[in-house]
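Novice: So the sequence shown is numbered by full-length UniProt numbering: it starts at 1 and just counts up by one.
Treat the hints as calculated values from the structure; they're not laboratory data.
Here a beta-carbon is modelled for each residue, glycine too, at the ideal position from N, C-alpha and C.
Some hints could be false.
Ranges between beta-carbon positions, derived for each pair [what the hints assert, rightly or not]: (1) D253 with G12: 44 to 52 Å; (2) D146 with G12: 16 to 24 Å; (3) N219 with A3: 46 to 54 Å; (4) K227 with N114: 28 to 36 Å.
Taking lysine-lysine and the DSSO-like style, the derived pairs with C-alpha atoms no more than 27 Å apart in a straight line are [stated by the list, open to error]: (5) K211 with K4; (6) K152 with K244; (7) K171 with K182; (8) K211 with K16; (9) K36 with K16; (10) K244 with K171; (11) K161 with K211; (12) K174 with K211; (13) K118 with K161; (14) K184 with K152; (15) K174 with K118; (16) K184 with K36; (17) K171 with K152; (18) K171 with K161.
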Amino acid sequence: MNAKITTFLNSGLLEKYLLGETTVAETEMVETYISKYPEVENAYNELQNNLEIVAKSHAVEAPVSILNSILDELDDTPVVAMKPTRNYKSWYKYSIAASVAALLFAGTSYIFYNQNKKLNHENQVVVDEIFDLRNDIQMNNKRLDDLMQQFKQLNDPETYKYIMQGNNRAKNLKTVAYINPKDKTSMIDVVSLPQLPEEQCYQIWAELQDKMVSLGILNETDRQLRKIPYTENALGLNITIEPKGGNTTASLDNSVAEIDLQ
């Protein structure tokens, strides 16, 4: 690999391009390098694969939609004015008019009261929905931050990738461990786990010089990239079948997958 390509790969432009943060000129340069140099194309494909791994590990549910505030239209109630006959006395005519006016006022007041009550309820619903949406946005921002952090860890040159495949006891088992000795971080991507009886579980261990240290239980339904405890000077990783809830001592006779880290 010549110095020109090395300089380009170390510039961070590929990562910026993949995240849509490059300028027009930078975009043109990146696409030229990808089409011209196989080394750059391979590095770009590797970045895409790592981003896909991280993205699949975070299923983000869509946020609750804000409930549309619907205001009922008021139908204008026609008022039919009865024309009094000339035989009615003036005081009686005014009394009828006053009664009608009082009834109209009472009816209108009742309608406005109901409308105001309905609007207050709808406004409260909207406020509650906005509050829920704000919480969803905050949670999604945190998930995005976690996703970007994992993406950076996967692409760190100090991060080593180890594929663990099952033996005859669990032929379809496949997990991928990512370990960074410099940052002292460990992650595992549970790709596939054969189903176990309800009273059993998979447990992952770190092998030290004289003991096995539990790193947690692998759940069949928890197939996503997640952190596991980093173990200093670990010689290897081992996955065993244990009683439900996990064990304090590794059942090495029930080992289904192992790798060396040295």
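Novice: Would you list, in rising numerical order, the hints stated earlier that this structure does not obey?
Specialist: Hints 4, 5, 6, 7, 8, 13, 15, 16 and 17 not satisfied by this model.
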